[in-house]
Structures are given as C-alpha cells and as structure tokens.
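Sequences listed follow chains A and B, in order. Taking my numbering as reference, the numbering of the first sequence is continuous, increasing by one, and the terminal residue is 351. Taking my numbering as reference, the numbering of the second sequence is continuous, increasing by one, and the terminal residue is 199.
Since the hints were derived computationally from the structure, they do not count as laboratory data. Just so you know, even glycine gets a beta-carbon here, dropped at the ideal spot from N, CA and C. Check before you lean on any hint, since a few could be wrong.
[As the list claims (entries may be wrong)] Okay, the calculated bits of chain A under chain B, using three or more residues with CB under 8 Å as the criterion:
no., region
1, 11-20
2, 27-38
3, 117-123
4, 127-139
5, 279-289
[Stated by the list, open to error] Which residues of chain A face chain B? A partial, calculated answer using Cβ under 7 Å:
no., residue
6, Glu24
7, Gln41
8, Gly57
9, Pro113
10, Gly114
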Amino acid sequence: MIDVAVVAFTQRQEAAISGESEVEFMVPLMEQAKASVGLTQSDMGFTCSGSSDFLAGQAFSFVMTIDGTGPVPPISESHVEQDGAWALYEAWVKIQCGGIDTAFVYGYGKSSPGSVRDVLATQMDPYYVCPLWPDSYAIEALAARLMLEGGHVSESRLAEIAARSRASAASNPHAVRTDPKSVAEILAEDYVIDPLRPSDLPAEADGGCAVVLATGDRARELCERPAWIRGMDHRGDAHTLGVRDLTSSASARLAAHHAGVAGDKIDLAELYGPFTTSEHLLIEALGLDEDSTAVNPSGGALAAHTMMASGLIRIGEAASRIWRGDGDRAVAHATSGPCLQQNMVCVLEGD
Amino acid sequence: MSADRPEARDPLAAPAALSAPVTLPEALAGAEPVESVCTPIRMAYTYTPGRALSRYLRAMADKRILGERCGATGQVFVPPRGVSPLAGAATSEVVELADTGYVESFNITRVPIERRPDLKPPYCSAWIVLDGASVGFLGLVINLAPEEVRIGMRVRAVWKPDEELETSAANILGWEPTGEPDEVITDYERIGRIEASDP
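Isolated chain B, as found in the complex (with noise of 0.2 Å):
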C-alpha cells in the first residue's frame, strides 16, 4: 500500500466516533450503565367496523350469519367487508348463510398459544366453507378428536347460550359434525382458489 493512500478499513470495525472514550464527569464515575428502558405506549381507539361488518356482527347476536354477494362476479363473501376484490367494486347484496358448510382444509395444533388458555391441545382450526359461501373461514372443530376430522367432512355452528350472546364473532364456539354424508371434493386445485371473471 502506498504511503500516500489511507489504510484500508476493517469494516467490522466500529466507528472513531463510537470507538473513542466518553469522557464522564466525576459524579458518573462508576456509575452502572442502563441495559434496557421500557417506555410503555397506549393509544386507545374506537374502533368502528363500518357498514359490512357492522351488519355482520348484529346479526351474530341472533346466530345469524351474513355474507354479501358481488353483483359482478355472483360471489358471496363472508365474513364480509362491503366489497369484491375480485371485481373491485362495492358488494352488492346482503346474503343470509346457513350455519352448516363442510370443512375445506384443516390442521391439528398440539402446543399451546401464550394467552388462550381456553384453547387446549391437541385441537383442530378448520378452513370451512358454509353453504353457499364462495369462500371459506376459520373456525375450530369440535366435539370429536382431532385426529377425526377429515377434508370434506359436514359440520354445524354450536352457538354460545342465547344468554351469553354478543354482537361478536365469538358467540361460535366451533363447528361440529352433523354426521351428513361427507361432501365430495374431485378437484383439490381448486380449493381456495376463485376465478376472476372477465373484466
């Protein structure tokens, strides 16, 4: 290296600014340095759901549950949230759903989740399809072993007593089997999957 050309940097090298010694006043001397702070922060909001969901979560209170249909395309959405994204347009129709579908896909959990200790290993979070929906949610299966639960399988809301019913997704405990004929599912692609329509 030539005389006249700085030495190369070891990148992993900290900074000269960070490197050189801060120099204390006498009273910090010693002093122990802070390892962590904890700054709590809090907003508090009013959360409004809007129109879709609104509509969605009174109706819950009467273990009803509303989806909404795409003018466009014909499909209904639930839950639903006022719009098509397959269209990008606004819904256009409320659509009263049955509390029954069949379960699409599912999976068995077997450790348990920080702050939901009402949900108890081994349990199973199924991907279900109600009648006339286009598109599944999430519910649990309950009321079998997880281990009995199969793709296809016919299943029904059970609903919270109506004394302890609310405006919230939570008055379904979970879905159980209706012991119905299992739904015949031919083509696996296509489950989860909806088909945009020709703009």
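If we strip away everything but chain A, and leave its shape as in the complex, we get (with noise of 0.2 Å):
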C-alpha cells in the first residue's frame, strides 16, 4: 500500500453564494490549495471532482468548473456525480495503482437556486417513491420517529447533539448556524416535521472545498506534519427504504470496522450527519467514546451543509486538525443518500 497524505485544504462554505457562478468562487478555492504547498496543475497527477447536475439544474455542470483548474495543456482527470470525499477516493485508489506522487480533488454545490430537500426526492427509487415527491427532511422524520418510539434515542440526546454542534460551530469561520443554543432552548423549539425540529435539520449551504493528496516523501515535503490516510472504506445500504433498519447504520459500522477506526484512540471525528438523528446513529456505529473522542470541532453538517462538498470538508477539517497538533489520530465520514444510505470512513494519522 502506498502512504497517502491530505497536505492541503480550503473551503468556502455560506448560507447562499447568489452573486458567483460555481465556477468563480471555485477558482480561488483551487488556486489557494495549490498555492499552499507550493504546487501548480502541472503538478498534479490527477484531478478529480464531485458535483451534481440536479443541484446545477444543468447536465455535465462539472465541465464548466473544470476550467477553473487550468486543464491545458490536457489533464488526467475524472468526475463523480456524489460528494467531493468519494472524488477524493478515486484519487487514492488511482494513487494506489502507481505512477504519481500527487493527486488534486474538490467538490461544490449550489443548494441555493433550488429547494434541496425536494431535488434529493428524485434520488429516492424512481418508481415507488420519487413520484410520491417526499422530501429529505420528511424521509428522515420517519427514521426519527422510529428512533425515539424504539427506545433508540431521546430527544433531548438529540438536542444535545445540536446543541454541542452550535457551541463549537462558533469558532468556525465557515459554519452557517453559529447562534449558541442551550438543550433546554432546543427542546423549546417548534417542530418543523414532526418529531425533528429547526436544530435537528441541516444548516443548508452553498459552497466548495479544495484538497490536496501527496504521497510518502513528497507529502513530507510539502507539509511539516501531513495527515495520514490509514484506512478508507466505503460501504451502502440498500437503497429501497423498507428492507433496511432506519434505527442504526450498518453500512457506516461496516465501513468503519474495515478503515480500522478500532484500531485506537480517536481524538477527534468529523461526522457528515445531517440531522441530529444521523449524528447519532453516526457516533454510534463508529463506536465513537465522547468522552475521549472531540465529535464534530467545526460544527458538521449540522453547522453548515454544502451537497457535494460536506463530506471532503470533514476529511479536510479533520486533517487540518492533525496538520495543527490537535490530535493524533481522527476518522471523517462522509454519506450520501436518504438516511446514510452510503457511508464513507477515513482514518487520518499524524506521524
């Protein structure tokens, strides 16, 4: 196995980005993670993105972002229409075939043109569900409802959880929701789609995130303290909603259990839960202890949620985390999906 460090990181993440196309407020995002560690395209031995055509509202949208990166003279270069994380997956496995010491990945999306939680109704099964038009927020309600009636969880553990993402959200720049909110309050709160209130549901988000990959000596070279990917496996549920158990995530255990997140201490973990409920069921699956283990420094989704982007932003929050000293060993997830369908799981080290 080739080593395979995160040596770069940027992201723009806000409420909505109306006046830019995705295109302009990538291009400083690419630019700035380059520049860092003192790299250009042409040094890039392969590029890969994640976006949507559904969140653009026009087909091959990616092409137009993938001018941004300066691709002439031609580059090598792939696309994946899910979350920047499994972009930057390609880039590993394709790092792992040989051949080249660098690879550039990024993920964007605009939620703003549209409304999200009805565009990601047409990801649900085309024939039984998609015409039915249920939107994310209700779909996961009923995943709530399941959760809280089978013992699985309280609400005020929900509004903890909310609660802790607000409060450490605060110091992060680039987070959405920031306003400090005690459980007490949040349990005050109305709710939206019953039994899920404004605090369980994503602080939806417009933006991007660029990141760099190195390996071995060439990651030591461009960064003091690089973040070691040790372990990255990704795994899914079945996509019809009724066969699967909406209480616990088997695909995230499962994913988690092959990245080798057991293997030690965690220090920290970004999870890329929507809802307070995923967060959970997230924590859960991952054997994550609280006590030992910071969940979520920069506030998750919860705090900001850029479709396409949100998963890359937690391999890059927790690498930057080890790339500062604070703390040794993290997993980032990423999903995708209604429910966390597919979860991704990546153990980052620091030497």
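Join these two chains into a complex; the hints should help.
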C-alpha cells in the first residue's frame, strides 16, 4: 500500500453564494489549495471532482468548473456525481495504482437556486417513491420517529447533539449556524416536521472545498505534519428504505470496521450527519466514545451543509487538525443518499 | 458432463426467480398489465449566472458585447465565464468587443429542429470570431442564402429592435455580411485552437 496524506485544504461555505457561479467561487479555493503547498496544476498527477447536475440544474455542469483547474495542456481528470469525498477515494485508488505522487480533489454545490429538500426526492426509487415526492426532511423524520419510539434515542439526546454543534461552530468561520442555544432552548423549539425541530436539521449552505493529496516523501516535503490516510472504506445500504433498519447504520459500521477505526484511540471525529439523528447513529456505528473523542469540532453538517462538499470538508477539517497538532488520530466520515444510505469512513493519522 | 456438476445455464435465459409464475389474487386475475407509467418531474430553479455572465447579459441589453481578458495569457474570451481555462485563473479585465467579426467555420442545416419553428431550414450556423476576441462563438448567418456563406466572410450583428432588447443573448438575431473584403485565413490548422502559454 502506498502511503497517501492530505497536505492542503481550502473551503468556503455560506448560506447562499448568489452572485457568483460555481467556477467563479471555486477558482480562488483551487488556487489557494495548490499555492499553499507551492504546487500548480501541472504538478498534479490526477484531478478528480464531485458535484451534481441536479443542484446546478444543468447537464454536464462540472465541465464548466474544470476550466478553473487550468486543464490545458490536457490533464488526467475524472468526476463523480457524488460528494467530493468519493472523488478523494477515486484519487486515492488512482494513486495506489502507481505512477503519480500527487492528486487534486475538489467538491462543490449550490443548493440555494432550488429547494434542496425537494431536489433530494429525485434520488429515491423512480417508480415507487420519487413520484410521491417525499422531501428529505420528511424521510429523515420517519427514521427519527422509529428511533424515538423504539427507545434508540431521546429528544434530549438529539438536543444535546444540536447544542454541541452550535457551540463548536461558533469558532468555525465557515459555519452558517453559529448562534449558541442551550438544550432547554432547543427542546422549546416548535417542530418543523414532527419529531424534528429546526436545530435537528442541516444548515443548508452553498460552497465548496479543495484538497491536495501527496504520497510518502513528497507529502513530507510539502507539509510539516502530513495527515496520513491509514484506512478508508465505503459501503452502501439497500436503496429501498423499507428493507432497511433505519434505527442503525449497518453500512457505516462495516465501513468503520474495514477502515480500522477501532485500532486505537480516536482524538477527534468529523462526521457528516446532516441531522442530529444521523449524527447519533454514526457515533454508535463508529463506536466512538464522546468522553475521549471530540465529535465534530467544526460543528459538522448541522452547522453548514454544503451538498457535494460536506463529506470532503469533513476529511479536510480532520486533516487540518492533525497538521496543527490538535490530535494524532482522527476519523472523517462522509455520507450520501437518504437516511445515511452510503457511508465512507477515513482514518487519518499524524506521524 | 458429470452428474455432480450443475448443468451449464443458458446465459440468455431469465433467472429462475423471474421465470417462476407469480401467483395473483383472484381479484387481479385477468387484469391488464401496466405497459408504462408517466411520472412527470419538475424542479424550479432560480438560476443566477454569476458575475461574468451577469455583466455580459446586462451589456447585451445595451447592444454591447463584453469579453474578458486573461491576465496570464492575454487571450480574450467571449462569452465570458470569469475564468481562463488556459491559465486556470480568474480573468482580470473586462473588454468591450466590436459587434463585427468573421466566419471561422459554418454549417448548413437542412432539417427542422423540434420546438424551434423560428429556425426555417436551410439555415446557416457559424462560428464567429469577433474583432478583438481570441475564441469564436456561435451565431446564425442571416440575410443571405446559406450557400453564399464562406470561411473568412466579414459579418456584423443584427440586433433586435431597441424596444425589444432584454438581458439576453437572444438580442442578436443573427450576423449579416458587411461586404468588406474577406479575412484571409492561411493557417487552417490553427482554427479553433489556442495554445497554452508555458507556465
């Protein structure tokens, strides 16, 4: 296995970036990520991006953004219609194939032009479910009800997760929902979709992020303390919600097992839980101990939820904390699909 | 084939699960199968074109064509997207271009396009290089027979009447010949190709 590390990371998240196109706001992020380690596009062995035409509302929308990388002379490039975390996975596999020592990865999405909770209905089964147009908050509320009635979680536990996210987000300049609220204040909120309250829902955002990967000695040249990817795995649950146990996440548990989460103490975890309920399930599935592991020190996706980037941002947030020495071993998680259908787990370590 | 080995399956045969008959309740016996379903999907977006394209569209309402120059390579792109693909950098300067140029290439369409009754075949689509631009952009050559269009022909924009102008690229109805001498193109291999500067 070739050692691969995250050596650079930039991000931008705002409630709405209405005045700029995707490529316009991604160009500075791409430039800064590469420049922070003294590289240009011509140094990159591979480039991979994650975005969605369903958010952009136009076909092949990612092609416009490739212009921002400087793809001339022609570059080795790929795109996933997934969160950028899966683009990073593709880049990691590409590096494992040999022959390159760097890769550039980015992910971005603007949810504000449409209604993201309705857009997400189109990821459901096209014959039986999508025609009913269930919005993503309502689908999660079905899972939340099962969890609450089955005694898997309590409303005060969900409120604690929401309060922790708000408190952590206060020091994150990229977070959107940063006003602190106590557990009692959150429990006093009116339901939006019973049993979910506003603080249980993701703070939808527009934005993107960029990451540079490098191998072995190249990574040590570029970064004082590289964040080594020690394990990475992604798994998917069934697409049909009815056949799943929505009160746990089998695929996250399996991905965590294969990524080697249990091998040693985890100092911090960046989990892509769009809802408080999903964060709760992830803490369980990854077997995290909240007394010894700082969960979502950035505030997580509850504080800023940028479709197609939030997963890659979790990897970047975890890696940058390792660079700074805030921890030695971190886990980053990305999800995709309704009710945590697909999960990726990445274990990062400093030397 | 030995007796303890399973018989080779016909790869084109339906899987057993699908070929087994489905038992229907009495009430459904004889019901007509559904041959197809229509599940219309509509999503409304409030699309914002971004900085560069917003400027371009606003200028269109004044019958002006804006391009953008790349600070690294000097090239001028139109329509502008705020980025230079050759440099992988933001463009640095807005440039007002003439509404004249020349035909770099063209085709003649002889079949109608669905939902575009306004385009009556035969019509001529052309790749037009505006004076001052480094790349071509798409337009219709109008006010002459398509057979008379040629590479190098000088053309100018035909705009909608002033009272119908909007913030839209549709303000240019097409491009008509200026009657000036043709642009002389000697290096056809260069057409449509712009070289990256050495980084």
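Which hints from the list above does the structure break, by number from lowest to highest? 5
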